[in-house]
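> Going letter by letter, the sequence shown gives residues 1 to 267 in the UniProt record's numbering.
Bear in mind the hints are in silico, worked out from the structure with no lab data behind them.
Hints should not be assumed to be uniformly reliable.
Across the chosen pairs, the derived CB separations fall in these ranges [to be verified]: (1) 47 / 190: 48 to 54 Å; (2) 219 / 153: 17 to 23 Å; (3) 230 / 183: 41 to 47 Å.
Below, in silico cross-link-like pairs of lysine-lysine (DSS-like), each with a Cα-Cα straight-line distance of 27 Å or less [said to hold, decoys possible]: (4) 125 / 47; (5) 63 / 75; (6) 75 / 47; (7) 121 / 63; (8) 63 / 47.
All values reported here derive from a predicted model rather than from experimental measurement.
We put the CB at the ideal spot given by N, CA and C, even for glycine.
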Amino acid sequence: MTRKILLDADGRPAGGSYYGPFPSRRAAEAFAERILDFFKVRRCQIKIRRDPAFPGCIYSEMKMCLAPCFSGCTKEEYDVEVNRLVEFLETSGGSLRIAFEQERERASEQLDFERARTMHKRLEKLDEVLRGRPEITRRIQDLRAVILQRAAEEQTIGVFAVEGGHLAEPSFVRFGEIASQPRSAEQIFRDYLESAPHAANGDLAEDVSLVSRWFYSKPREGEIFFREKDWPYRRILRACSRLLARVEGEPAKSPAPRPRPSPEGAS
1 MTRKILLDAD GRPAGGSYYG PFPSRRAAEA FAERILDFFK VRRCQIKIRR
51 DPAFPGCIYS EMKMCLAPCF SGCTKEEYDV EVNRLVEFLE TSGGSLRIAF
101 EQERERASEQ LDFERARTMH KRLEKLDEVL RGRPEITRRI QDLRAVILQR
151 AAEEQTIGVF AVEGGHLAEP SFVRFGEIAS QPRSAEQIFR DYLESAPHAA
201 NGDLAEDVSL VSRWFYSKPR EGEIFFREKD WPYRRILRAC SRLLARVEGE
251 PAKSPAPRPR PSPEGAS
């Protein structure tokens with residue numbers, strides 16, 4: 001668990017994969033504890049000695065860890081298990097779900113109904129864990145989203161792109177002027193979101209923290225949409241309509257002050 005993100009010379013996360021953000025350290029630890037039930041990797045901080053005489057810990061006794069601390073497995077075997085966990089995080093649980101479904105199908109074809117029932121229960125447990133995962137949590141490098149907020153200017157939406165965890169310079173869509181422009185509202189969003197990658201000049205850890213604090217704030221001003229295969233433009237435009245349809249005279253919210261504009265409420 002960390003609030004710091006190490007970067008390489010190109011400004012990309014270094015030293016491993018970073019997964020999040022979570023609302024608190026406690027929430028991150030609780031999620032980690034639940035997903036580690038599906039993997040036999042270390043939860044302890046014991047120095048790995050690979051000494052067969054070393055007694056190990058309770059997790060190895062419960063068969064919840066491959067026990068590299070006392071040579072309970074080879075390095076290659078442990079690396080395979082760690083890579084399974086990394087793939088799980090990088091696919092938001094999809095890799096493990098596919099593996100469980102395939103195992104359940106094989107068991108059914110072999111008429112091993114007890115095994116099929118066991119795998120079905122594991123699938124249900126996995127789905128329960130994934131349902132409790134906040135939508136924003138993912139590999140930080142894959143955090144691509146757009147935040148929409150009603151701006152102080154009348155009939156205007158502030159648009160904040162998040163690219164690889166970095167908060168980009170905002171764009172402002174002035175719906176009151178769109179009727180006189182050659183571009184539609186959707187095209188304006190496309191030009192902003194699908195243009196050349198936004199410059200990642202800010203501090204990644206700071207940007208992730210700002211977005212996280214805004215996302216988990218209650219009440220939260222604005223809406224957020226994540227890019228999966230493509231941007232959900234229709235949903236984005238409907239959200240703009242909702243934000244602009246607020247009661248006339250309600251105080252408008254503007255982005256919180258910082259060297260670069262950021263989503264309101266994040267700082």
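> Are the hints correct? Go through all of them and say.
Outcome of the hint check:
1. 47 / 190: 48 to 54 Å: Holds: the Cβ-Cβ distance is about 53 Å, inside 48 to 54 Å.
2. 219 / 153: 17 to 23 Å: holds (22 Å)
3. 230 / 183: 41 to 47 Å: 19 Å Cβ-Cβ, so the 41 to 47 Å window is violated.
4. 125 / 47: violated (31 Å)
5. 63 / 75: Distance of about 17 Å is within 27 Å: holds.
6. 75 / 47: Holds, at about 15 Å.
7. 121 / 63: Holds. Residue 121 to residue 63 sits at ~19 Å (cutoff 27 Å).
8. 63 / 47: holds (19 Å)
In summary, the structure is inconsistent with hints 3 and 4 from the numbered list given earlier, while agreeing with the others.
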